[in-house]
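I would like the entire structure built from these sequences, with the hints used as guidance.
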Amino acid sequence: MNHTIHFTVNGEPFTLSVASHHTLLQVLREQLVLTGVKNGCEAGECGACTVLMNGEPVNSCLVLAPEADGATIVTVEGLAHDSQLDPLQEAFVAAGATQCGFCTPGILINSRALLDRNPDPTDAEIRAALVGNLCRCTGYIRIIDAVKAAAHAQREVQP
Amino acid sequence: MSQPAGKRTVIGASPPRIEGREKVTGAATYVDDMQFGPSLLHGALKRSPIAHGRIVRIDASRARALPGVRVVVTGEDFPGLTGLYLKDRRIFALDRVRSVGEAVAGVAADTPEIAAQALDLIEVEYEELPGVFDPEYGASPEAPIIHPELASYEVVPFVFPQPGTNISNWFKVRKGDMAQGWAEADLVYEHKYRVPHVQHVPLETHVCVAQQNVNGKITLWSSSQSPFAQRNLIAKALHIDHSRLRVITPYVGGGFGSKAGVSMEGAAVALAMHAKGRPVKLRMTREEEFHTTFVRQGLVAILKMGMTKDGRITAMHNRFYWDGGASTEYGVNITRAAGYSGTGPYYVPNIHVDSYCVYTNHPVGGAMRGFGMPEIHFGIEQHIDEMAHRLGLDPVEVRLKNCLKDGDETLTGMPMHPTGLSECIRKAAAAINWGQETVSYSSTKRHGKGLAAMWKAPAMPPNPGSSALVRLNEDGTATVSIGGVDIGQGALTAMAQFAAEGIGIRVEDVRVNTVDTDYSPYEWQTVASRLTWSMGNAVLRAADAARTQVLQAVAEAWDEDISDLDIVDGQVISYRSEESIPLKNICIDGVQRKDGTFVGGPVVAQGRFMPDYVTPLDPETGQGPRAVVHFTTGCQAVEVEVDTETGEVQVLKIVSAYDVGKAINPELVRTQMEGGAVQGLSTALLEGLILDHGVPRNPNFTDYRIATAVDAPLETENIIVEVPQDDGPFGARGVGEHPMVPTAPAIANAIYNAVGVRLDSMPLTSEKVWAALQNNDI
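If you're matching them up, the sequences are chains A and B in order.
Each residue of the first sequence is one higher than the one before, counting from 1 in my numbering.
Each residue of the second sequence is one higher than the one before, counting from 1 in my numbering.
Calculated from the structure, these hints are not laboratory results.
Computed from a prediction, not measured in an experiment: that's the story for all the values here.
There may be inaccurate statements among the hints.
Across the chosen pairs, the derived CB separations fall in these ranges [to be verified]: (1) B:P666 x A:V131: 25 to 35 Å; (2) A:V33 x B:D475: 56 to 66 Å; (3) A:H6 x B:T111: 18 to 28 Å; (4) A:R117 x B:Y441: 53 to 63 Å; (5) A:A124 x B:P130: 29 to 39 Å; (6) A:R117 x B:I302: 52 to 62 Å.
Which stretches of chain A does chain B cover? Using the computed rule of at least three CB atoms under 8 Å from a CB of chain B, they are [said to hold, decoys possible]: (7) 35–47; (8) 71–78; (9) 100–109; (10) 133–142.
Partial list, derived from the structure: chain A residues whose beta carbon lies under 7 Å from chain B [to be verified]: (11) Q89; (12) F92; (13) V93; (14) G96; (15) R117; (16) L130.
Ideal placement from N, C-alpha and C gives every residue a C-beta, glycine not left out.
Spelled out as structure tokens, the structure:
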């Protein structure tokens, strides 16, 4: 069975016919070709597919496509504005917080959600916020450093 | 312009990774992101539900009749054997299955849903056979034989199968006089250590797409560490010309060894050969990834050592029983590496090592970061610690006394090359204030410190080759083509640095291509921490050759000596005449002579490297002049907090110190150290595949936990030691795998230091710590 959904993705409105058993992850990757959203487990356990749904981070593999009707979605492709990278993106490159890069989009999105609700998180708050995002390469230390650096950079711009 | 020739501006600097921007914007393309349009077929594999049995009957007729099913293939369609070191494996099982999850048939269908339905319609009847689930038992004469055809398998000359048994490789070291070694010892201690199977857990599971065109040419887009090895093995297994198989590898979402060699990719190619030109995608689910591609082999290690009361090691008798799984095509070489490294990084005069690769009805073992070294060091480094304690000696001093120094003979009789091992041990110990009393702030939260040393050589055939191409473009930038893969370690960036340094341009002006075997030059595999050293040499030689092409043309046109010329930041300069010209003006069109004619032309240069000095070892004694190219050595020191009420272990600090020869990009080296340490921590404390008569019980992230952000140590310190490698580019040797080798024993030693319990099996779970504490009555 198919549903028609209306939703906004990275600032652009879309009307799509989606299979009712498909997930938001499938819709984003397969119908909108937003392949920055990664598929790591399809079980809500790794966080690679994290997107912002109405401002909250969700595992898009656990959201059925029809549930996205009316929602506002932000993927990693929507973090940069007018080719100006998000401070988190800048910080991840500078701090060496990405290696293979497969977990990076989900971690960036989750970090964005963290900084939106808490512009000055402690180390422990960053660790706790990212506990649902697995990374096998970096050991997380540089990721934590990058989120702190981005928070600092962001506060410098918008004190 | 007065910059002296040869001054290094790029080597030893830490430019950020060159593909970083793509990776943080979602623009980086991985195999699953590539678009193949609506003709794409979805592959799926029918897998054995039993660990060991005969295939009595396969009936795929109902699957073939299902609308939307385009291809169904079984073992009878592709009966050939394949494998990297030992050809003991088929793309699909034929006659017999040897592990749960082994592929018995493959389907390709219009949608993933139809493919899944088709799998259910394939009927397979098995006659179950008794299984082998323990390597010690598997090596015994009582065990059922899993590969009765072992004697007929094709094998490389340095692997020694024992037909009529389950032992697919037996590596022996016999050195010195054991009786004398035991006689000289004041303490002889024997103990058994166990390491379970673990999974690599790349965040991107194995995925590939295969397509055969009308001319019979096959393209394989593969998330792989080994595009060329895949081309070689699949071409041979399927009797395809190498030039008619093209492997393309874009960005890879982690490998850690799991994507070395071939695991599921042959099945995709097999399906594509029947798909009438349509591309076929095969992508592992997370559950499949956990046990059907490769796992790290399990190990039972029985170690016996002798030590004098002043801490000198007199003898080692070490037996390693490797749980190789249903196929050991790759695993045989892991057991060989364990054999020729089987003393750990120590000088030992009297040695008896047996490393047995044993077939079991467990998942297929393959390469994983460390290639046998994390497993053997888990026992060796605890054993030495325990013996030091029993003799009342300082474990750091014992290690310093026995660790290999320049010129010491290794266990295989090779003189040790210059190494910074002692320096690594000293620096790691100092960084955690070794010797200073730890302060525990609560009676139930006890702090402890521990340390472990390591060594590891690139484990590979004697002569794996690297090659590189450097082309200069109209704007003076360089395009570098290589056959090695950036799996996250930063190879693209390091190669850009070599090229920039070699040519004399900025690192920002170098592009490095990902691999396409039709256009990229040959590389053996992205394994063994060998790219910086081996491929780095090839890239540097190609860059030097490109530079020479430019300078020769300029020298002729300007009537100067080449030794007076240099390229600095993209400018060709003469130190003699002080003339200069931008590289971009001449690297395609050549240089104009005084008479108006031109010399030179498009700059295209090649470089290659292959070690030509590794010797065979005597099969009975393991002795030979040069077993390996080199050893990277190092040491980790950790501080832990153990909760005596719950058994929970928190790692507070990890110090890593490695002798990398020369750090080409120190920040990338440090990120390898840090990431490896946390992967080591994760395997030490959390990980183990639970196999119940061959059935994996925890193939998901809820039941098989890996370290998360809250498990990472509060503090890390990464120390680079640089004792140059004689044949490394600028002295470099590899460090990709090494950072997870000593982590588990260092943590185990710290737990002992904190609460006095010694854990001899991984993982070091809170349950085990707590239970041991109850027995210890601390």
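Evaluation of the provided hints:
1. One distance hint, 25 to 35 Å for the beta-carbon pair B:P666 and A:V131, holds here, with the actual separation near 30 Å.
2. Restraint check, A:V33 to B:D475: a C-beta distance of roughly 31 Å breaks the suggested window 56 to 66 Å.
3. Between A:H6 and B:T111 the C-beta distance comes to about 25 Å, which sits within the given range of 18 to 28 Å.
4. For A:R117 and B:Y441, the hinted distance range of 53 to 63 Å is not satisfied, since their beta carbons lie about 33 Å from each other.
5. The hinted window of 29 to 39 Å between A:A124 and B:P130 is violated, with their beta carbons roughly 52 Å apart.
6. In this structure the supplied range 52 to 62 Å holds for A:R117 paired with B:I302, their Cβ-Cβ distance being about 54 Å.
7. For the stretch 35–47 of chain A, the assignment as covered by chain B holds, since 11 residues bring a beta-carbon within under 8 Å of that chain's beta-carbons and 3 suffice.
8. By the rule of at least three residues with a Cβ nearer than 8 Å to a Cβ of chain B, the coverage given for the stretch 71–78 of chain A holds, with 3 such residues.
9. Counting residues of the stretch 100–109 of chain A whose CB lies closer than 8 Å to any CB of chain B gives 7, which reaches the minimum of 3, so the coverage claim holds.
10. Coverage of the stretch 133–142 of chain A by chain B holds [criterion: at least 3 residues with CB-CB distance below 8 Å; count 10].
11. Annotation: A:Q89 was flagged as interfacial toward chain B, and the flag holds, the nearest CB pair being 4 Å apart, inside 7 Å.
12. Interface restraint check: A:F92 against chain B, minimum CB-CB distance 5 Å, threshold 7 Å, status holds.
13. Annotation: interface hint on A:V93 holds; nearest CB of chain B at approximately 4 Å, less than 7 Å.
14. With 7 Å as the threshold, the beta carbon of A:G96 comes within range of chain B, its nearest partner Cβ sitting at about 5 Å, so the hint holds.
15. With its C-beta approaching chain B no nearer than about 17 Å, A:R117 sits outside the 7 Å limit, and its interface hint is violated.
16. With its C-beta approaching chain B no nearer than about 4 Å, A:L130 sits inside the 7 Å limit, and its interface hint holds.
Hints 2, 4, 5, 15 from the list above are not met by this structure, while the remaining hints are.
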